[in-house]
Structures are given as structure tokens and as C-alpha cells.
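Chains as they are written, first to last, in numbering that gives the first Met the number 0: chain D, 0 to 349; chain Y, 0 to 119.
There's no promise every hint is true.
Short derived list, chain Y residues pointing at chain D, Cβ under 10 Å [to be verified]:
| hint | residue |
| --- | --- |
| 1 | Ile11 |
| 2 | Leu20 |
| 3 | Glu81 |
| 4 | Glu83 |
Calculated pairs, DSS-like style, for lysine-lysine (alpha carbon to alpha carbon, straight line, at most 25 Å) [claimed, not checked]:
| hint | chain 1 | residue 1 | chain 2 | residue 2 |
| --- | --- | --- | --- | --- |
| 5 | D | Lys155 | D | Lys193 |
| 6 | D | Lys193 | D | Lys146 |
| 7 | D | Lys103 | Y | Lys113 |
| 8 | Y | Lys115 | D | Lys103 |
| 9 | D | Lys110 | D | Lys155 |
| 10 | D | Lys40 | D | Lys80 |
Note that these hints are calculated values from the structure, not bench results.
Values in this document were obtained by computation on a predicted structure and should not be read as measured data.
Where a beta carbon is used, it is the ideal one built from N, C-alpha and C, also for glycine.
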Amino acid sequence: MSIKELLVLAIFIALAVLVLILLLMCFRLISAYFKTKYHKKLKAFVADVISEHLYGDIDEHHFLEIQRQMKQLGVDEKHPKRVELYVDLMIDAGGLFIGESHEKINLLYQKLPPYNFSYNRTKQRKWYNKAEGIREIYEMNQKQHAKHIIKFRNHKNIYVRREAQIGILIFMGWSSLRFLAYLKNTITLWQQIKIVEKLSDYYPEVEIEQLEKAINHPEITNSGIELLIRIIRKFNIEEYISFVIHQMQSEVYDVREVAISCLGSFDLTNEHLDQIKINFAAIPEDFHKILILEILSQYDIGSNKDFFKSQLTARDYMVKLTAAKHLWNSGFTGEVENHFSPILKQNIPA
Amino acid sequence: MKLKTLILINNIILRRILARLCERLGFETLDINALNELTEEQALNKYDIVITDIIFDGISPLGHLSQLSKSLSYQRLIIVSEMELSKIKTNLAEIERADAYFETPFDLDDLEVKLKAYVN
Chain D
0 MSIKELLVLA IFIALAVLVL ILLLMCFRLI SAYFKTKYHK KLKAFVADVI
50 SEHLYGDIDE HHFLEIQRQM KQLGVDEKHP KRVELYVDLM IDAGGLFIGE
100 SHEKINLLYQ KLPPYNFSYN RTKQRKWYNK AEGIREIYEM NQKQHAKHII
150 KFRNHKNIYV RREAQIGILI FMGWSSLRFL AYLKNTITLW QQIKIVEKLS
200 DYYPEVEIEQ LEKAINHPEI TNSGIELLIR IIRKFNIEEY ISFVIHQMQS
250 EVYDVREVAI SCLGSFDLTN EHLDQIKINF AAIPEDFHKI LILEILSQYD
300 IGSNKDFFKS QLTARDYMVK LTAAKHLWNS GFTGEVENHF SPILKQNIPA
Chain Y
0 MKLKTLILIN NIILRRILAR LCERLGFETL DINALNELTE EQALNKYDIV
50 ITDIIFDGIS PLGHLSQLSK SLSYQRLIIV SEMELSKIKT NLAEIERADA
100 YFETPFDLDD LEVKLKAYVN
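Chain Y extracted, bound-state conformation:
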């Protein structure tokens, strides 16, 4: 079965690279700019993996994460961000529920290993 993946990242270069990586691993991939660009149909889908940034225009990192968990159903969450984890001082409960937190610069091979582990 193909794993369904949603990529929510504002930086188009990073987003395209991650989308390409997922496609090569054989995932069904959808990559968009931000949460509000999802169509209703896409929002109703169940996703296996969500890869998301936490910095978006007009919404706080925690606000984005809580909105994400309310409006979408997904199993695993991976956060890829330019913001350092140590700089987020507010409640980390949402972020700790994430499977992994990658802060740039990171090694793409680590992410690939992580994603490959989900296939089995």
C-alpha cells in the first residue's frame, strides 16, 4: 500500500526537495504552501505522514500545530524548520508529540532513514 504524505512548507526549495525524496521512496505525495491552501477534498483524506514547517505567515507555531491536529487526521508528524527547538519557550506538548524534529541545516540521509522505517 502506498503511504500518503502531506508536505506543508513555505520555502519552495526545501518543499520540492522533500517532495522529490518522498516520491522516490514510492509515497503518494502532496506538497503545498500552507494549511489554508488545502481543498476540502484533500482535507478529508487520511494521511500517514505529515511533514510540516512551524513558521507561517499570520499564525504562531503552536497555533499552526493545534490547527493541524484539529483539521486533519494523520498518524505521524515530522517537523522540519529553520527555527531551533531550543528557541521555542512555550508549551512543547504538541511538538513533543511529533515523531522527529529536524532543524536546518540537517542531513537529508537521516530523514530518509526515518521515512524508510515507516514503510515496513
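Looking at chain D on its own, in the form it has when it is part of the complex:
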């Protein structure tokens, strides 16, 4: 083969590749065009169905008619992508409203095919299908599948079990604490915040008995305790502040941290302050002792003077200095001077 022939061959191959790419682009463009067209059509259909359901006259044949139209549009088991789109649109529509209209849309969703689409999704193998299916079930309030969701609370994939935990919470309310406080895996901070937020959105009434049960359970986990502390703070349950104070001397660093940061946002009574003072010595870390002193300093230091004075002899010098600082700032300069002047005299040669 001469060089000329080789060159021609190379040009030919390059052109072929170029044409192939162009064809592919054309195909993608055309399919995208039809997809958006179909999306618009489906959206208009869903809009009509929902508005008819909310404000129209509905007779027995209405649902049969809608099912016929859905078949025409091709929303059925053979086209899972289209069904997914349809379910998303329904969830979006439900999210626009609260109150009676929200319930009505959920009811409509249950009455229309494809039945059990979300339920079947949770049985698929891929984790994202499972998580999506669980989310669809709780967003559309399909109570009949609530028991099925509970099985996923300790699932090995974090996203699946997160969705399942939120689902359990939405279906069961405060009584779900008996699941959430004893999960095998640790609950991340983000998930804890999400659970507390959802609880206050959906179930703003505090159910003390359920909380009591969760707290007194012997197998409660560390992240379960953190979750309960956050709930006590969010709902400002004063009866259980002593539980939070008790957790202040926990052996686990994170639990202590959460308990102490939550204590700062309560209005503590004198009894609580006394309890804190009694438990103070049992706190394992000096850093946390300083934080507690900062919290105590927001209350009347005069009545806690003896406690602060006793901390002047503490082992850690930062604790000592913090106690001295608060005493000094609230006018008890004499006490501080009396304590420190002998030490200063010893150290500074005359």
C-alpha cells in the first residue's frame, strides 16, 4: 500500500467517525424534543386530573375514564420511566398544599394505577430504587405500607435506612421513638436534626409517655440518647432537664457535648443548678467543666458563690481561672485576692 492510499483510508475513517457522531447528536436532540413534549403533555394531564378531583363533579365513571386516559398516555408497568415521572409530578403537586387539599391529592394517588408501584420499588435490588420507593410511600402517606418500611430501619445502606427512619417517624409519630432510640447504627448529626424537625412539623404535641418509655429502656444507644436530648431541647420539656443534666457525666464524649450545649438553651431553676453542682465533680473532662462554668455564670453568681470559690482550688488551672474570672467580674474581688495573693507571694521573690 502506498502512502497515498493510506492517507485516503485515514481520511475516510475520520469522516465516518464524524458522521457517526453527528448522527448520534441528531438522535439525542430528536429524542430530547419528544421527551419534553411528552413531559408537558403528562404535566397538563396531571393538572387536569387534580383540579377536576379537587373542584369538579365526580361520578363513578370518573376514575375509569382517568385510567383509560392514562393507558393512552402510556403510563403503565411497561414504561417505568414514565411512571416515575408521573409519581414525581403527583408528589410535587401534593407538596404545594397543606390541609384538606393535601389529603385529597394523596387519596387520589392511592386510587389511581399503577398500584403498588412504590411498594414494588422497595423490593428492587439497587439501593437508590429502594430509597426512592420508601420516600414515595411516606410522601404520599400510604399508610398500608407502613409496616413494610419498618423492616428497612437497620438496612446496611445509609440512604435506605435514613429514608426508612423518616418514614417510620411520619407514620408513627412519638411512638416511633421506641424504634429510633435503639437503632443498630449510629444516627448522624444531620439525620438527628432532620428527625427532630420532622417531629415538630408533623407532631407538635408532646407525648410524655412515649418519651418516658424511650428513656427508661435498658438498651438505649448513645446516638439514641443524643437524639432524645435534642428532642427535649426542641420541645423545651422541662420535666426532663434532669435527664439532660445526668447525661452531662456520660462516658461518651459526643453525648456529653450535646448535653452541655443543650443545657445552655434552657431556663434552669435553682434545683437544676444544685443538681449540676453536685454532678460537677464527676465530669471526666476539664474542657467541659469550663463550659458548665460559663453556663452557670449566666445565673446569679452571688447565690452560687461558694461553688465558684470551691473551684478556685481545682486541679486544672483553666477551670481555676474561669471560676476566678466570673467571681471577679461579679464583684467578689476580695475572695479572689485572698485566694491568689499567698500563691503570688510565694512565687515572686521579695
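Knowing the structure of chain D, use the given hints to seat chain Y on it.
Chain Y only, in chain D's frame:
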């Protein structure tokens, strides 16, 4: 007398539902995607109630509201939007002139009560 209502919302589901609600209350309803889809004839009409979103393609919320008040004559303005009122930090004078501000998710019954009060 039938009240004339104009609904300007991009989200077709929300728009159709509100249009249906207005029709059921006996209003004369026109629902469209955006302000620039109005025909000249429709723009000359006087509207009693305008229900509008504030998020549209290619125009800021305040820009949309000022354009609305310039190009149309209407008596009452209701804003229905997915944007939270607290997130709009700029001049609120236009929005405060609105009769009501509904941010999703809201209760449709509240809107219905509001609209029914206009009939009398």
C-alpha cells in the same frame, strides 16, 4: 356581576387548580403562563382580581410586579409563590400593596375564603 380574574403562574398544576377554584366560585377566569403571552385585547381589559406568581424566566420578582402594575389595570392583587416572603430582601413596597401573600405549601381553603369575601 361576574368578577374578572387573571391567573399568571408558570407551574401548570398550580395554575389549573386555582383556575378551577375561580371557575367554581363563578368568576370569569383567564389563566396563562406569563405576562408576555397576553394578547392586546386581553391586556386592555380591566381585571378585578389578579393572582400571580413572582418567579418567571428572565425577569426579577420586583420587575415583574412593576411591569404588571404598569401594563394592566386591576383592583386586587394576590401573590401565590414558592418563594418565601422572608427571603425577598429588596424593596417590599410593591409586595405590601398586594392583598395577600401565599407561600407554598398553603391551605387552599384560606384562599377560597379570601376570594369569597370579594364577591360581596
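Status of each hint after checking the structure:
1. Ile11: Status holds, d = 5 Å.
2. Leu20: Leu20(Y) check passes; min Cβ-Cβ to chain D is 5 Å, inside 10 Å.
3. Glu81: Hint holds; Glu81(Y) Cβ to chain D Cβ min 8 Å, cut 10 Å.
4. Glu83: violated (14 Å)
5. Lys155(D) to Lys193(D): Holds, because 20 Å separates the two Cα atoms, which is no more than 25 Å.
6. Lys193(D) to Lys146(D): Answer holds: Lys193(D) to Lys146(D) is near 21 Å, not above 25 Å.
7. Lys103(D) to Lys113(Y): holds (21 Å)
8. Lys115(Y) to Lys103(D): With a Cα-Cα distance of about 21 Å, the restraint between Lys115(Y) and Lys103(D) holds, given a limit of 25 Å.
9. Lys110(D) to Lys155(D): violated (33 Å)
10. Lys40(D) to Lys80(D): Distance ~15 Å between Lys40(D) and Lys80(D) Cα, so the pair holds.
Hints 4, 9, counting from the list given before, are not met by this structure.
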